[in-house]
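2 protein chains.
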Amino acid sequence: MINYSNINGHLVPAGEASLKVSDLSVIRGFAIFDFFLFRQGHPLFLDDYLDRFYRSAELLHMAVPFSKAGFARQILQLIEHNGQEEGGIRLLLTGGYSPDGYTPAEPNVLILQSPLPAKTWQSSQGIKLMTHTFLREIPEVKTTNYVTGISLLPELQRRGFDDLLFVENGEWIRESARSNFFLVLDGQRVVTPGTKVLLGVTRKQILHLAGKRYQVEERDVHISEVAEAREAFFTSTIKGVLPVVQVGDQVVGDGKSGPVAAQLYRDFIAHVEAYLEEQSRKAQPLMEV
Amino acid sequence: MINYSNINGHLVPAGEASLKVSDLSVIRGFAIFDFFLFRQGHPLFLDDYLDRFYRSAELLHMAVPFSKAGFARQILQLIEHNGQEEGGIRLLLTGGYSPDGYTPAEPNVLILQSPLPAKTWQSSQGIKLMTHTFLREIPEVKTTNYVTGISLLPELQRRGFDDLLFVENGEWIRESARSNFFLVLDGQRVVTPGTKVLLGVTRKQILHLAGKRYQVEERDVHISEVAEAREAFFTSTIKGVLPVVQVGDQVVGDGKSGPVAAQLYRDFIAHVEAYLEEQSRKAQPLMEV
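Keeping their order, the protein sequence lines are chains A and B. First residue of the first sequence: 6, per this note's numbering; consecutive thereafter. First residue of the second sequence: 6, per this note's numbering; consecutive thereafter.
Okay, chain A solo, but in the shape it has when bound (with noise of 0.2 Å):
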């Protein structure tokens, strides 16, 4: 049961957290967000997660209202206050409530918690991408524009497939809309489109476990190359490494989840637990609020 929502640095009961419908999150879809997960009462990658709602703030020109310490602090007090071990955070900027209903005026911030999300896949089976031309509009901010997304989920539905692919023109891989999207050339090299996509905090951390094991490319990513990968995989906070074994008509190697991917999302889960012992190692006793 979570009992409690931050809003503007108040604690206030979660059934009751929300906003008057002037703030431009609602009628101009003006917002910036974030979504991490904590395990043992502790965020994971915290500071990450915190740096990329930042930069998205700065690039759409609205100011956070806090410091990262102390925003961190909130967010620390919100998952003592709620009791649970673990679950996800969402933090939101929103444009706030605009006297003339388009310019942006003092921004509301909202720090709510949610259980931990269920695995809706089988990551042994991996899953089917339906391609998309489609580039997200400022795809370096993180902002809750959702809608291309959103509306294809009936069609996804009635076609199999189990998400989508973002291609740019029909030609340029970019990502999907929740994920980051990964191949695996000759079994050895692990590439990623390397812009105008979100910087995932998971893809980071992916990236630098390849780099230890795998020749890592970030660069662009055509869509022919599908053919020629042995293997695919998303990576996100929600879903760590999830195998991609089908991308349009197209099946990826020899259709099943491979080694690659495997070993990566070992290598996730060994990194997650030893971020977790030295956080654990490092915590001060938390502030009673």
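These are computed hints drawn from the structure, not numbers from a lab. Keep in mind that a hint or two might mislead.
Since the list can't tell identical chains apart, any single copy or any two copies may satisfy a pair.
Distance condition first, Cα-Cα at most 35 Å in a straight line; then the derived DSBU-like pairs of lysine-lysine [to be verified]:
| hint | residue 1 | residue 2 |
| --- | --- | --- |
| 1 | K201 | K133 |
| 2 | K133 | K25 |
| 3 | K133 | K261 |
| 4 | K201 | K217 |
| 5 | K261 | K209 |
We have chain A already, so just place chain B on it with the hints.
Here is chain B on its own, set in the frame of chain A:
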């Protein structure tokens, strides 16, 4: 003073109109809307706006939980209750309170009244547009996504421009964030982009009125045509017809508002007056709520 809003078919005090933060408009920018004016208590061109609202919903696979007639009745009741002669009405249809934070749920429907917007421009002087290479994400749908337009407000101000002009691939003029764009060529041809734009209701009226006096062309418009144009103008619900005197570095015609825009503005005012007269004749006594 506006006292009431309508949320999901119920009148609520306007100051309390809010959405829980799990609504997909807040966390995923998944919502469509529309906006129109009313004068003498009569919504202007309501059928056109409702048609577009329902069409936007359909294109995103959302269902409006009311018939058009029922929706129109609620709009008129809200106007009646608020007791103002003129103003603006915003309709919103959101993705609802999604249990998983992504999949659309039962939609929330909002009818929000606002005062008649103040004019912030001098139509006699005309406005200057900053070009921006951009194509709206799903141009035919009036989503709430205005991230690009809003994020460019500081740059507009810094560079001394009044508004934006979105140009696909830097070549093909499409529209502005909140207005359609027209050129006048040879003083007698009225030209506007025919596809990949939001089909504005005022755009439709102006095309109809222009067809009585000039040659009208709906087709792709290249950015190089601005240099040949005698005049340019915006159309929008709030602005009506607004002369444009500069696009990027290019001065349009002699840099002053011109006779075609002025004529069409007069025609539009007369058209609105005729519409209101017709509505007054047809008006039935409003149902008491």
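Here is what the structure says about each hint:
Taking identical chains as interchangeable, the C-alpha atoms of K201 and K133 lie at most 35 Å apart whether they share a chain (23 Å) or sit on different chains (30 Å). Taking identical chains as interchangeable, the C-alpha atoms of K133 and K25 lie at most 35 Å apart only when they sit on different chains, with a minimum of 34 Å there against 40 Å within one chain. For a Cα distance limit of 35 Å, the shortest separation of K133 from K261 inside one copy, 11 Å, qualifies, whereas the shortest one across copies, 57 Å, does not. In this homomeric assembly, K201 and K217 come within 35 Å of each other (Cα to Cα) only inside a single copy, at 25 Å, whereas the closest approach across copies is 47 Å.
Taking CA atoms no more than 35 Å apart as the test, K261 paired with K209 passes inside one copy only; the shortest distance there is 25 Å, against 53 Å between copies.
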